[in-house]
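Peer 1: Could you build the full structure based on these sequences and the hints that come with them?
There are 2 protein chains.
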Amino acid sequence: MRTSQLKKYAKLLARMGLNVKKGQTVFIQAGLDQPAFVTMVAEECYKAGAKAVYVDWSHQPLGKINAVYRSLETLSDLSPWEKAKWEYKAKDFSCRLFIESEDPDGMAGVDQEKMSKARRAQYPQLKPYRDAIENRHQWCIAAVPGEAWAKKVFPELSPKKAVEKMWEVILYTSRADGKNPVKEWKEHNADLAARCAYLNSLGLKYLEYKSGNGTDFRVELNEDGIFCGGEEKTLKGRAFNPNIPSEEVFTSPKAGAAEGIVYATKPLSYQGQLIENFSVRFSGGKVTEVKAETGEDLLRQMVSMDEGAGMLGECALIPYDSPINNSGVLFYNTLFDENTSCHLALGHGFNECLRGYENYTNEECKAHGINDSMIHVDFMIGSADLSIVGITKNGDRIQIFKDGNWAF
Amino acid sequence: MRTSQLKKYAKLLARMGLNVKKGQTVFIQAGLDQPAFVTMVAEECYKAGAKAVYVDWSHQPLGKINAVYRSLETLSDLSPWEKAKWEYKAKDFSCRLFIESEDPDGMAGVDQEKMSKARRAQYPQLKPYRDAIENRHQWCIAAVPGEAWAKKVFPELSPKKAVEKMWEVILYTSRADGKNPVKEWKEHNADLAARCAYLNSLGLKYLEYKSGNGTDFRVELNEDGIFCGGEEKTLKGRAFNPNIPSEEVFTSPKAGAAEGIVYATKPLSYQGQLIENFSVRFSGGKVTEVKAETGEDLLRQMVSMDEGAGMLGECALIPYDSPINNSGVLFYNTLFDENTSCHLALGHGFNECLRGYENYTNEECKAHGINDSMIHVDFMIGSADLSIVGITKNGDRIQIFKDGNWAF
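As you go down the protein sequences, you meet chains A and B in turn. For the first sequence, the working numbering gives the first residue as -18, with consecutive numbering after it. For the second sequence, the working numbering gives the first residue as -18, with consecutive numbering after it.
Please keep in mind that the hints were generated in silico from the structure rather than gathered at the bench. Take the hints with a grain of salt, since some may be wrong.
Heads up, the list lumps identical chains together, so a pair's fine if it works in one copy or across two of them.
[Stated by the list, open to error] 25 Å max Cα-Cα, derived DSS-like pairs, lysine-lysine:
{"no.": "1", "residue 1": "K28", "residue 2": "K2"}
{"no.": "2", "residue 1": "K214", "residue 2": "K347"}
{"no.": "3", "residue 1": "K3", "residue 2": "K45"}
{"no.": "4", "residue 1": "K164", "residue 2": "K3"}
{"no.": "5", "residue 1": "K374", "residue 2": "K3"}
{"no.": "6", "residue 1": "K32", "residue 2": "K64"}
{"no.": "7", "residue 1": "K108", "residue 2": "K64"}
{"no.": "8", "residue 1": "K32", "residue 2": "K98"}
{"no.": "9", "residue 1": "K95", "residue 2": "K28"}
{"no.": "10", "residue 1": "K45", "residue 2": "K32"}
{"no.": "11", "residue 1": "K(-11)", "residue 2": "K186"}
{"no.": "12", "residue 1": "K45", "residue 2": "K2"}
{"no.": "13", "residue 1": "K95", "residue 2": "K32"}
{"no.": "14", "residue 1": "K186", "residue 2": "K347"}
{"no.": "15", "residue 1": "K45", "residue 2": "K64"}
Peer 2: Set out below in structure tokens:
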């Protein structure tokens, strides 16, 4: 990919993704796949006024070695220096940028029970920091090609060509392949905001999903719930774009109020392993049954991570006929696949999907129906014939999606 | 390079370099150049019994960006998480492995005065930890090819071929290109130990250096000084090899007792910038004059970092006709170039070069003549005609080196 275009993408992440404020600290989490690009992003953050940019590099094969050889006890411990870093972030409200590039099944074969236990043991150590920064700092998830990931998506190409093709599709889907990505994102955010405004004017109480694949499902929305999309704001009003790309309009439904069954329409890469051809059944708002052709045990572990892991945190609406989906590229990566398909998320919900959340504590948001969990995992349920009907507080039925696409 | 040979090299670093003990923690510092090899080393450390292996990845171009954009204040601060990591290392006496691969002049153009100030400001924050672990933990410096470094050494080759050639010369000079590198190192260590034993039997008080290039120099040795080489031991008796490769026999001379001038015979890469064709004059044990065709300001800053930076910490003896030197490869990297040439080091000395140092504190070692400084920088003075004469406590003159090689 041309350096000049990559610089535009780097600038997009610094200016629109994080919207770095003068004097802020930035933490970047990145694999080792595209160091030159990560360095560009760091420079763009400095140009935007960052005081310091720290990069935490990770390397999935090393993570796999660690998972194999370390004891559960050692894996469960949050190290003193990780703790010190979290303390710093929580005090400083530093920007956080996650640059994904990992192999969707690079952790295949790792003992998932051990890893789940380790994550469960780490979570209480992390939670106070996560709670402290929630809605208070700018963050963004974006992606760059890793070779193994590119080969998974484009198996017919040579590694070099697969990586180049991945750059193309990442920049295309991220609206970063044009002359002025920052300007394009401003327009895109305005579009999403208008769609949210319409949905929020309807006073919806339920969403009902139906598809010929077997999906037959109803979820209750929160009394003071709202739909969001695109740009978000920190509690102090600093705008940022948490996902690049992002095509979705989403809300956090009422935790513990969902009935029926949904069938996934794309594979899910969870913790570096693939779950494929699966369904999830809800009863009384909770997952009561999961089935999967591949990765059923992993899926079962996922929904049992904690109480909230078996309840919904998000309902997101994306037309089936999005240009990304029509390209036919399956990314095996949630950041992209979630933007091609209506999806649900198990686990943690979003406080900002409550009207007036600025005045609530995390506990109060939870009491208003926002789910709380250590996980937040999207899975895709969009299909060509998906119908979604909204039912208002007055009992009116309004077609939201028809044949997989917006009905309005 | 063949994976099977790289695995042998990885094992050498874990078993002979660090000699990891069951239950120990290992910290690896590495560039992004050879992640697959670093992962192999981590696995070998686990196989040797490590409880946890942590890799701190670094990326020189990012370091350069940081140096340019961060304020002196931000650069001077040891972050809370770095502090926490040092505290851990000092408590745990963790193994430390440094895997070098950087471009010898990758930091060219960076404001050296700013960087020197930052290092000086950081040092008092680091020193207590460095003092706490000194002689108490196993550590090792080794190298892998970085592309920019390989191109600097083999400018006539393509990047890919230069990297492959670098692997060859690194494994060759590191005695890691054979069937059983661990066995070869055991034999090598025995050889170096025999040479040290002979030198230590002579009761030397001075070393006098002379060469046709202008070097004319005398340094006083410590009353209870000894020569060391190859394998070292922690205070608790755990053997390790701090440098791979290592061909040198060395001692720490008496700080503040050197007279005359030495002419460098190889370029020096210091903090990512090159110093070339230089000389250093000592008077009353201290550097009183430096001259350099390239990098004179940087050299002057280096010897002024602190009081000890202008005094000697090491005298090392290596024959001019070593196979590495005869290969004609100039590495622009001290780890290699120091093993092809007699050299001196400005700055920090080695406590273990005092007989009975186990019974002394760091302060007592200093009082016995071991230099103390935040820097330790080797520079090469070996030449084809170098003569070194040892003068014993009784005034006898013994030829140690003649025409650049061992005289005995």
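Peer 1: Run through the hints listed earlier and report the numbers of any the structure violates, in increasing order.
Peer 2: 5 and 11
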